[in-house]
Amino acid sequence: MAAITVRQAISDALREEMERDENVFILGEEVGVWGGTYAVTRGFYDQFGEKRVRDTPIAEAAIIGAAIGAAMTGLRPIAELMTINFAFSAMDHIVNQAPKLRYMFGGQFKVPMVIRAVGGGGRQLGATHSQTPDAIFAHFPGLKVVAPGTPEDAKGLLKAAIRSDDPVLFIEHATLYQWRGEVPEGDYTIPIGKSKVQRPGDAVTVVSYSKGLQMTMEAADRLAKEGINIEVVDLRTLRPLDMEPVIDSFKKTNRAVIVEEGWRSYGVGAEVAARLYEDAFDYIDAPIKRVAQKEVPLPYNRTLEQMAMPQVEDIIKAVKEVL
Amino acid sequence: MKKEEYLDLYRQMVLIRRLEERAAELYQQGKIGGFLHLYIGQEAVSTGLVAARKPQDRMITAYRDHGLAINVGLTAKQVMAELLGKATGMSKGKGGSMHMADVEKNFWGGHAIVGAHLPIAAGLALGDQYTGSDGITVCMFGDGATNIGFFHEGVNLSKVWNLPVLWVCENNQYGMGTAVSRASAVSEIRQKAEGYGIPNERVEGMDVLEVKKAAEKALKFIREGNGPYFLEIMTYRFRGHSMGDPERYRESDEVKRWQENDPIGIYHKWLMDNKKADEEQLDQIVSQVEQEIEEAVEFAENSPEPAPEELFTDVYVEEV
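Sequence lines, in order, name chains A and B. To convert, count from 1 in the first sequence and add 651; that's the working numbering. To convert, count from 1 in the second sequence and add 14; that's the working numbering.
There may be inaccurate statements among the hints.
As the list claims (entries may be wrong) - Okay, derived cross-link-like pairs now, DSS-like style, lysine-lysine, Cα gap no bigger than 30 Å in a straight line:
no.: 1; chain 1: A; residue 1: LYS761; chain 2: B; residue 2: LYS108
no.: 2; chain 1: A; residue 1: LYS847; chain 2: A; residue 2: LYS902
no.: 3; chain 1: B; residue 1: LYS231; chain 2: A; residue 2: LYS702
no.: 4; chain 1: B; residue 1: LYS119; chain 2: A; residue 2: LYS702
no.: 5; chain 1: A; residue 1: LYS702; chain 2: B; residue 2: LYS68
no.: 6; chain 1: A; residue 1: LYS761; chain 2: A; residue 2: LYS845
no.: 7; chain 1: B; residue 1: LYS173; chain 2: A; residue 2: LYS761
Read the hints as simulated data drawn from the structure, not as lab findings.
Take the sequences, apply the hints, and build the full model.
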């Protein structure tokens with residue numbers, strides 16, 4: 652096992668899959684000559700050439716639309732959105748085309764493509780460039796939405812996404828890129844649609860994913876010093892959502908907190924909590940709590956921005972409230 | 015072209031016309047649901063394009079797609095069954111009027127969101143360019159689609175990447191009820207292609223042979239590796255935008271004038287004038303088509319509804 656960053660894990664997954672399969676190629680803004688605005692594809696242009704590492708105009712509908720068409724012909728495009736905020740410019744193709752073409756034409760088409768999109772707040776980019784709109788995309792049947800939190804999961808899930816015959820939105824978080832963790836040697840994949848207990852405990856079930864996972868793990872360390880051992884369940888995939896490890900954990904702890912960076916209203920926490928109420932009502936010993944972003948567009952000012960975003964302290968407070 | 019091929023173009027156009035006339039009746043009877051956009055008046059366009067393409071060329075169009083479905087060789091039975099939402103439709107009754115396709119026949123679908131299939135068409139063409147196939151993607155769309163961003167993103171990308179795609183704007187003069195002059199900054203749509211440095215041509219679209227000739231020239235240009243080409247094909251829909259169209263936006267005289275230029279009538283005359291067929295042969299085609307349509311309606315009406323478990327199939331390829 653070697654410890655690498657999330658950035659490296661994603662980069663390695665892309666490179667290995669491109670080496671493995673000629674039909675895998677990348678398209679997006681500044682993915683080639685520039686090397687990727689987050690340096691994920693640095694060196695790819697020289698290694699694979701302009702046919703397989705394709706710089707595009709700043710035209711998101713063209714990027715996603717062309718990826719859909721190429722995927723329908725049997726290629727395996729990886730379309731990179733410079734940030735998930737730009738997904739709105741390609742919304743029709745992401746939610747109205749890719750996830751529906753197979754169903755609508757009676758199973759005649761496959762759309763084996765990956766959309767990589769980095770999101771998240773906390774970098775003073777202002778309201779339009781700081782969003783965590785993951786839940787919106789998880790609303791649509793036909794799309795798979797993956798949002799890993801660790802280097803191991805990022806690599807294994809991205810490889811699974813590239814090999815999947817279905818369209819996958821792969822959500823990365825900009826402030827997670829430097830997070831280090833151990834990654835298995837050699838080729839491996841992690842199945843899409845499987846949640847995982849990242850840290851066992853008995854006090855409270857804390858459910859999270861992506862950046863929220865990192866914060867939750869930090870909260871877990873601090874709570875452990877006070878003798879409170881939370882169980883951390885990482886969703887890893889938002890659609891299809893695997894509730895089994897969440898419910899198993901909840902049956903043991905009878906208490907749950909859900910942590911997400913996006914807005915609380917209609918969010919991932921709302922979905923997970925509703926499913927616990929529906930499917931594990933008899934096990935509930937305390938109100939289910941949500942830790943999420945305040946209901947405002949994210950401001951530029953650093954202090955205000957941090958006030959709006961969920962913090963480790965908020966997780967600790969919520970855990971203590973349900974105990 | 016051989017004599018039979020000339021006659022087959024006639025058969026296709028008559029089949030589209032009669033099939034849609036019958037579909038309109040079934041719609042009025044409540045047997046077809048949702049939207050129904052008729053191609054009547056525009057038959058020469060898709061018929062001429064498909065006559066010009068090679069088997070490796072992919073066809074893709076917007077929601078007015080019954081004509082193209084017939085041209086690529088889907089049967090009247092399959093089309094009618096899909097219109098009635100039956101399991102025997104080519105999309106298993108889950109797509110309806112606007113979502114017909116057949117991958118085996120290189121027909122990549124009718125697409126219902128205006129302009130959204132243009133970037134997808136660029137991607138289909140990229141697939142052929144990437145693998146070194148000499149297939150071309152023929153992408154049809156209406157004049158209304160040329161005002162939306164998808165058009166500009168898709169067409170621009172096709173030129174930047176030199177993609178093997180033939181863009182075909184069917185200019186039927188109206189985007190729903192809004193005349194081209196009221197919606198587009200230029201009334202000659204081909205000028206938009208000019209703006210992207212793409213060779214282009216305006217074509218008389220009521221004459222199937224003119225369409226075929228123009229498409230053959232364009233396809234040859236593209237197949238020689240010269241990148242995209244753009245045709246603006248002038249046509250007219252004789253019916254409303256869809257079945258619920260009050261048609262307040264055009265005078266009945268205008269419709270009548272165009273109906274005198276019926277593509278089927280024009281071609282009928284051409285076949286006679288050029289001794290490709292006699293009246294009896296053409297009548298025989300019409301009666302064969304009428305019988306085919308009646309059989310198709312019977313087939314569709316007697317076909318089973320999709321099974322309840324079909325509700326959950328084909329959401330994903332892989333089990334979830």
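These are the hints, each one checked on the structure:
Pair hint LYS761/A plus LYS108/B holds up; C-alpha atoms about 16 Å apart against a cutoff of 30 Å. Note on LYS847/A and LYS902/A: the hinted pairing holds, with a Cα-Cα distance of about 16 Å set against a maximum of 30 Å. At most 30 Å may separate the alpha-carbon atoms for a hinted pair to count; LYS231/B and LYS702/A meet this at roughly 28 Å. Between LYS119/B and LYS702/A the CA atoms are separated by roughly 28 Å; this keeps the pair inside 30 Å, and the hint holds.
Taken as a hint, the LYS702/A and LYS68/B pair is honoured in the structure, with Cα atoms around 26 Å apart against an allowance of 30 Å. Between LYS761/A and LYS845/A the CA atoms are separated by roughly 22 Å; this keeps the pair inside 30 Å, and the hint holds. Of the pairs offered as hints, the one joining LYS173/B and LYS761/A holds, with about 26 Å between alpha carbons and a cut-off of 30 Å not exceeded.
Hint compliance for this structure: every hint is met.
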